[in-house]
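> Sequence:
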Amino acid sequence: MANKVLIVDDAAFMRMMIKDILTKNGFEVVGEAQDGQEAIDKYEETSPDLVTMDITMPEMDGITALKEIKQRHPDAKIIMCSAMGQQAMVIDAIQAGAKDFIVKPFQADRVIEAIQKALD
Numbered sequence: 001m002a003n004k005v006l007i008v009d010d011a012a013f014m015r016m017m018i019k020d021i022l023t024k025n026g027f028e029v030v031g032e033a034q035d036g037q038e039a040i041d042k043y044e045e046t047s048p049d050l051v052t053m054d055i056t057m058p059e060m061d062g063i064t065a066l067k068e069i070k071q072r073h074p075d076a077k078i079i080m081c082s083a084m085g086q087q088a089m090v091i092d093a094i095q096a097g098a099k100d101f102i103v104k105p106f107q108a109d110r111v112i113e114a115i116q117k118a119l120d
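Its first residue numbered 1, the sequence shown is counted upward by one per residue in the UniProt record's numbering.
No wet-lab data here; the hints were simulated from the structure.
You may find that some hints are simply not true.
Computed spacing ranges between beta-carbons, pair by pair [to be verified]: (1) MET16 to ASP41: 17 to 25 Å; (2) GLY85 to SER47: 16 to 24 Å; (3) LYS24 to GLN87: 26 to 34 Å; (4) GLY26 to GLN107: 31 to 39 Å; (5) GLN71 to LYS4: 27 to 35 Å.
List of simulated lysine-lysine pairs, DSBU-like, C-alpha gap at most 35 Å [what the hints assert, rightly or not]: (6) LYS104 to LYS117; (7) LYS24 to LYS77; (8) LYS24 to LYS67; (9) LYS77 to LYS104; (10) LYS42 to LYS104; (11) LYS24 to LYS70; (12) LYS117 to LYS24; (13) LYS4 to LYS70; (14) LYS42 to LYS70; (15) LYS67 to LYS42; (16) LYS104 to LYS70; (17) LYS42 to LYS117; (18) LYS19 to LYS99; (19) LYS4 to LYS42; (20) LYS67 to LYS77; (21) LYS42 to LYS19.
What you are looking at is a predicted structure, and each value in this text was computed from that prediction instead of being measured.
Cβ coordinates follow ideal geometry from the N, Cα and C atoms, glycine included.
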């Protein structure tokens, strides 16, 4: 059975890129969200095996959403996505329970590697 993934990013183009990488590699994308609050709601609805979460988003950022999801679901597997130069935020995310992080622009093999590692 395919692993279910929730994609969270405020940029539709980025969501599309990740979705493309995932579906080509046998993952099932069960939902997409464009901000942290929507991510929390979609997590509750879809119970994904894994979440890819952008750090910088309007309304609620990815780190706040990560903490909220981890509080409700301590076993949630979340990989943060960040642009270059967000090292401090990445460290916050890892301390808050993120499994890994991938840097934009996405490289397909790195995305799959991070996801496989987080799911094992």
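> Each hint needs a verdict: does it hold in this structure or not?
Evaluated hints:
Checked against the given bound of 17 to 25 Å, the beta carbons of MET16 and ASP41, roughly 21 Å apart, stay inside it. A hinted range of 16 to 24 Å for the beta carbons of GLY85 and SER47 is inconsistent with their spacing of about 33 Å. The hinted range of 26 to 34 Å is satisfied by LYS24 and GLN87, whose Cβ atoms lie roughly 30 Å apart. In this structure, GLY26 and GLN107 break the distance hint of 31 to 39 Å, their C-beta atoms being roughly 18 Å apart.
For the pair GLN71 and LYS4, the supplied restraint of 27 to 35 Å is violated, since their beta-carbon distance comes to about 21 Å. For the hint linking LYS104 to LYS117, the alpha-carbon distance of about 18 Å falls within 35 Å, and the restraint holds. Between LYS24 and LYS77, the direct Cα distance comes to roughly 21 Å. Compliance with the 35 Å bound is thereby established for this hinted pair. Restraint check for LYS24 and LYS67: the C-alpha separation of about 30 Å stays at or below 35 Å, so the hint holds.
Our distance criterion of 35 Å between C-alpha atoms is met by LYS77 and LYS104, whose separation comes to about 19 Å. Between the alpha carbons of LYS42 and LYS104 the distance comes to roughly 23 Å, so the proposed pair stays at or under 35 Å and holds. Using a Cα cut-off of 35 Å, the hinted pair LYS24 and LYS70 holds, with the two alpha carbons roughly 28 Å apart. Between LYS117 and LYS24 the alpha-carbon distance is near 18 Å, which keeps this suggested pair within the 35 Å criterion.
Annotation: proposed proximity of LYS4 to LYS70 holds, straight-line Cα distance about 17 Å (limit 35 Å). Under the criterion of a C-alpha separation no larger than 35 Å, the hint pairing LYS42 with LYS70 is consistent with the structure, at around 14 Å. Among the hinted pairs, LYS67 with LYS42 is consistent with the structure: their alpha-carbon atoms are about 15 Å apart, no more than 35 Å. A hinted pair counts as satisfied when its Cα atoms are at most 35 Å apart, and LYS104 with LYS70 qualifies at roughly 24 Å.
With a CA separation close to 23 Å, the supplied pair LYS42 and LYS117 stays within the 35 Å bound. Between the alpha carbons of LYS19 and LYS99 the distance comes to roughly 19 Å, so the proposed pair stays at or under 35 Å and holds. This hinted pair checks out: LYS4 and LYS42 have alpha carbons roughly 12 Å apart, not beyond 35 Å. For the proposed pair LYS67 and LYS77, the alpha carbon gap of about 12 Å is at most 35 Å, so the pair holds.
A C-alpha spacing of about 16 Å is found between LYS42 and LYS19, which places the hinted pair at or below 35 Å, so the restraint holds.
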